[in-house]
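Asker: Each chain, written out:
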Amino acid sequence: MSAYDHVTAARANDRPTSVDYINRIFGDSFIELHGDRRFADDKAVIGGIAELNGKPVTVIGLEKGRNLKERMSRNFGSAHPEGYRKALRLMKQAEKFHRPVICFVDTSGAYCGIGAEERGQGQAIAENLMEMMTLKTPILSIFIGEGGSGGALALAVADEVWMLENAIYSVISPEGCASILWKDPSKTAEASECLKLTAQDLFKLGVIERIIREPKDIESKLFDSLKNLIADTFAKKAALPPEKLVELRYRRFRKY
Amino acid sequence: MFELPDIFNFLKPKNELENQGEFAQNHPYIPEELWNKCPVCKTAILSSDLMENHKVCPKCGYHFRINARQRIEMTLDEGSFVEMDADMTSTNKIGFPDYEKKLRNAKISSGENESVLTGTGTINGEPTVMAVMNSQFMMGSMGTVTGEKITRAFEYATEHRLPVVIFTVSGGARMQEGILSLMQMAKTSGAAKRHSDAGLLYITVLTDPTTGGVTASFAMEGDIILSEPKALIGFAGPRVIEQTIRQKLPKDFQSAEFLLEKGFIDAVVQRKDMKEFLAKLIRLHPDTATMEVRT
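Which chain is which? The protein sequence lines are A and B, in order. Position 238, counted from 1, in the first sequence is what the working numbering calls 238; the numbers after and before it change by one each time, with no gaps. Each number in the working numbering comes from the position in the second sequence (counting from 1) with 256 added on.
Calculated from the structure, these hints are not laboratory results. The reader is advised that the hints may include incorrect statements.
Stated by the list, open to error - Selected chain B positions facing chain A (Cβ under 10 Å, derived; list incomplete):
| hint | residue |
| --- | --- |
| 1 | SER303 |
| 2 | SER304 |
| 3 | GLU308 |
| 4 | SER365 |
| 5 | SER366 |
| 6 | ASN369 |
| 7 | PRO383 |
| 8 | GLY403 |
| 9 | LEU438 |
| 10 | ALA442 |
| 11 | GLY455 |
| 12 | THR471 |
| 13 | MET476 |
| 14 | ILE480 |
| 15 | GLN503 |
| 16 | PRO506 |
Computed from a predicted structure; not experimentally measured. Just so it is clear, CB atoms sit at the ideal spot from N, CA and C, and this is done for glycine as well.
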């Protein structure tokens, strides 16, 4: 598979979204919580509390929507500042109640619009990066589709970052890269290669800890194995004193 | 005042730039020692007058972009700057096409090794750690060395209990370093957080333009956030927004004054007042931790 094949797969309309992962991994235990307590409830970010093998966890996901109607209401998974602020509110809540945080990342990027700028898109992302770095509870981020730049990183300052086999994670979209480099957005395939945005490339660069294989029948097998993997990882992280956890997280990002 | 025609267009670089081909063609050489044209009101200004006026247009108040060394000269007490990590340079870690060439050109055109200078110095006698970004080096884009130098500056300041002042100017993350440039946002934010948790002061001064990954990380993390007048400050650049929403942006959208009104910066400060303003702020933040040790 070429890098561009991964880009296409990551963006495919029939790919499971955060809602699918939440439903299949946490089932009925998921209670959705809304709003950033400052401005609004951003539907591009879904968040709440759930049970994982009987233990409480905070769940946050960037949600693209599964059909056109949903996609419109969720702004195609591109969050406004209030989305990142909602996520941070839920993370702080998780820290207070000593439960781990799991983030599902799937976004082409933070939204670029008038309202987003007026309400401080840059400031909202920056605050998440800063606060997540010292959040005294385990954080795990799983890239399930697209990981678009700062808008993805704002949910990925984590103790471990995993990627689905066909997910991508990049500083700029391949289209954006191609139009800057060659003034030609059609050279997306070449740009995809240059950016090293596939799970394989990022694993080699030491940016992610784990690649999740995508079985042919993604629906049936993926979620059960992922559920156990997440539970095991949280059990290991929970055994660490919070100060140690935060120190390791700092070092994880300090090395780049 | 009159409109200055582009009379310097015929002038070609006389130095080593001559052989840089594509680069030289795209960057007409303007002898800075003579005249400068204000890009806003088009007034022609004698360079010596402009320098005297802190590189601010005497007619419309436009703040010309200045390089990092000039900024340090204007801000720190004479001779007080001690540079850190001056020799660090970037390498092409992900094998991005033509990145080495871009770096070489950036080094020649800016005379610097990277898009940020870091070091220590005093502002009206107040010791501080300072980082100044440089728009002449790949539009101040943030690569791994940029992030590393800023992180080290924070770590040094945390260890020695000093304030940090950062002048930002940046087009954002450096595409040529791929995901590793994105990681600098997290790395610098982590270092800023540790400095903050140690109870120390961090001031950012946003200058024209500050956008992208720098806005979405350390630029917006200061205890106090200042800006120069009319600076463009945003997450997405205006062209990207216009393409996304398919409409023209209102005038002065994303200007420093706009951000002030929306509540994202503390004050817009004229360049001529910046040094004293920073010194005052630092004086108002004595290190209480070391004071307790003393008493």
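Asker: State for each hint whether it applies.
Answerer: We went through each hint and held it up to the structure:
no.: 1; hint: SER303; result: 33 Å, violated
no.: 2; hint: SER304; result: 38 Å, violated
no.: 3; hint: GLU308; result: 35 Å, violated
no.: 4; hint: SER365; result: 18 Å, violated
no.: 5; hint: SER366; result: 20 Å, violated
no.: 6; hint: ASN369; result: 19 Å, violated
no.: 7; hint: PRO383; result: 25 Å, violated
no.: 8; hint: GLY403; result: 7 Å, holds
no.: 9; hint: LEU438; result: 4 Å, holds
no.: 10; hint: ALA442; result: 4 Å, holds
no.: 11; hint: GLY455; result: 14 Å, violated
no.: 12; hint: THR471; result: 3 Å, holds
no.: 13; hint: MET476; result: 4 Å, holds
no.: 14; hint: ILE480; result: 14 Å, violated
no.: 15; hint: GLN503; result: 9 Å, holds
no.: 16; hint: PRO506; result: 8 Å, holds
Consistency with the previously given hints fails for numbers 1, 2, 3, 4, 5, 6, 7, 11, 14, ordered from lowest to highest.
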